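**Student:** Take the two lone chains and join them into the complex the hints point to.
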Amino acid sequence: MSNRVAIIASNGNLFDAYKVFNIATAAAASDKEVGVFFTFEGLNLIHKQGMHTLPMPEGKESMAEGFAKANVPSIPELVDMAQELGVKFIACQMTMDVMGLTKEDFVDGIEVGGAVTFLEFAKDAAPALTF
Amino acid sequence: MIKADVRLDAKGLSCPMPIVKTKKAMNNLVDGQILEVQATDKGSKADLPAWSESVGHQYIGVAEENGVLFHYLRKCSDDTVVEKIHEQIISIEEMEKGIGNGALILDVREEAEYAFGHIDGAKSIPMGELASRMEELNKDQDIYVICRTGKRSDLAAQKLAKAGFTKVYNVLPGMTDWQGDLTKSI
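Protein sequences appear in the order of chains A and B.
Numbering of the first sequence is given in the numbering used here, commencing with residue 1 and proceeding in unit increments.
Numbering of the second sequence is given in the numbering used here, commencing with residue 1001 and proceeding in unit increments.
If you are wondering where the hints come from, they were derived from the structure by calculation, not from laboratory data.
Just so it is clear, the structure is predicted and the values come from calculations on it, not from any experiment.
Each statement offered as a hint is correct.
Think about it this way: if two alpha-carbon atoms lie no more than 25 Å apart in a straight line, the pair counts; the simulated SDA-like pairs of lysine to any residue are:
hint, chain 1, residue 1, chain 2, residue 2
1, B, Lys1024, A, Val107
2, A, Lys19, B, Lys1045
3, A, Lys19, B, Lys1021
4, A, Lys19, B, Gly1043
5, B, Lys1011, A, Ile23
6, A, Lys88, B, Ala1025
7, A, Lys19, A, Glu33
8, B, Lys1021, A, Gly109
9, B, Lys1023, A, Ala125
10, B, Lys1023, A, Asp31
11, B, Lys1003, B, Met1134
12, B, Lys1011, A, Gln83
13, B, Lys1042, A, Glu65
14, A, Lys103, A, Gly50
15, B, Lys1021, A, Phe15
16, B, Lys1023, A, Asp80
17, B, Lys1021, A, Leu129
18, B, Lys1021, B, His1057
19, B, Lys1021, A, Tyr18
20, B, Lys1159, B, Glu1083
21, B, Lys1042, A, Gly66
22, A, Lys19, B, Lys1011
23, B, Lys1011, A, Val72
24, B, Lys1162, B, Ser1132
Listing some non-contacts, in silico: residues in chain B with all C-beta distances to chain A over 12 Å:
hint, residue
25, Gln1038
26, Ile1085
27, Glu1087
28, Gly1121
29, Glu1129
30, Asp1142
31, Phe1165
32, Leu1182
33, Ile1186
Don't be surprised by glycine CBs; every beta carbon is placed ideally from N, CA and C.
If we strip away everything but chain B, and leave its shape as in the complex, we get (with noise of 0.2 Å):
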């Protein structure tokens, strides 16, 4: 079961019932929150996307289990712009290259988007628990911090930065501009 700040269940409504239930639950995440929503609504495929696209919220995919459909989407009020503070920043193309000399990807999204697409290899540690699992990192080791946009992961290289970490980079801009292949754990 992917990991969810909140679980909605829209099982056995129609439309417009299962957006109407997603906007009022999306109204009790706060920023960065992963909402899943549970729906039997085939049109809930078509129409949560485009539900999301259409108010800003990002729409990370859906996966189907005994006819039931699980969408996963993420909370994004916050469209400021915040300046990248962490100095050390390399570009999808250099990043390419530093994975066959052994640079490790660290992909701080969270895990449901980390689920359905990542950079074959990619160890996932969200931002919520980098603090925690630090020591599962090495500080000899290039790590290449990399979020959807790079705007978590500029957090996270800071974060790692003040712990001592030196071969710390933020990829930039990060997923968005990714055009290989993406592996799934769902």
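Bound conformation, chain A alone (with noise of 0.2 Å):
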């Protein structure tokens, strides 16, 4: 069986961030290898200022008020555990280019790369997810 968890990040709501961090930190918690791979909108969950103020998705607005109850971690904090949980994080370079952004404008230790280099560690991967 697959050891690893290969997960595309490729949209920027609140929503999203916690589809991505809850199965990540979950999966890095089962002693899985997990890798991420941010590309267009997929990148404002690590980018530095934007991972503070991730939208809600449009008429979703009255759920903060259920995640404030339901006390859900912040999706920095997330963040935090996920990469202390050792979750690999690839940023994707064309994405990049085309936004104008740098690997300075993102949290540290991510690592930027293109399509190949995420799918040589999807290639092993079971399961392997997008959001």
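**Tutor:** Dropping the structure here:
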């Protein structure tokens, strides 16, 4: 059985962030080797400033209260935790170029690479997930 | 309150935090120790057994009190199969016959494991307490030593044999193959 979980994060709202980081941290805590490829809007999830102000999906703003009540950790907390558990973050070079971003715009400890970097990691992964 | 080596407070935390905290806490336990995880996340009822199964620890059970879930896990990182040394062994079936003839079942698993399900009438002395509680046992009685898989009971049987007990039998494989009723003491 594969011990790898590969995740593609390609969307940038708060729900997407929770889906990505909850699965990533839970997998890492279960002794899986986890890699997340951040591309297009998904880059917001590890952007130093952006990750603090991720928007709710349109029309779901009322759920903010539910988040506070359920005491879910903040996204920056989950980012820290994921990295501490050894989750590998790969930012998509091509999208960064398009958006005019550099490695310094993101949290420390990430890798920057192209699609092949991720595919190489993902080739032995089961499951591979896209959010 | 059930005895635990380490207690983890994960109350008020939502998924995936109870799992992440459990994983971290488990790193600090030694093999065979019991971790109690206190959680209010209802998802932990499904998640902690699944996590234990996935990483290879033993999930013992959960008790609920005043809205708090108390989960019990036992660390099992050393899965090496150790050769059983104590020569007198009996099967579960033979053990059942012997109970009627006045034999004692000695359950050497941890208190939490015993609490979540044991054979009715079995006496609990966790492996770690055996040396100091040996005087509670009778040398003239047949003693059937049982644990989960036969590893701890083998060690316990050896210990008793060294102390002069001759009517000591290791029950193999152990509670994992017990099909009868389980008595709970929680």
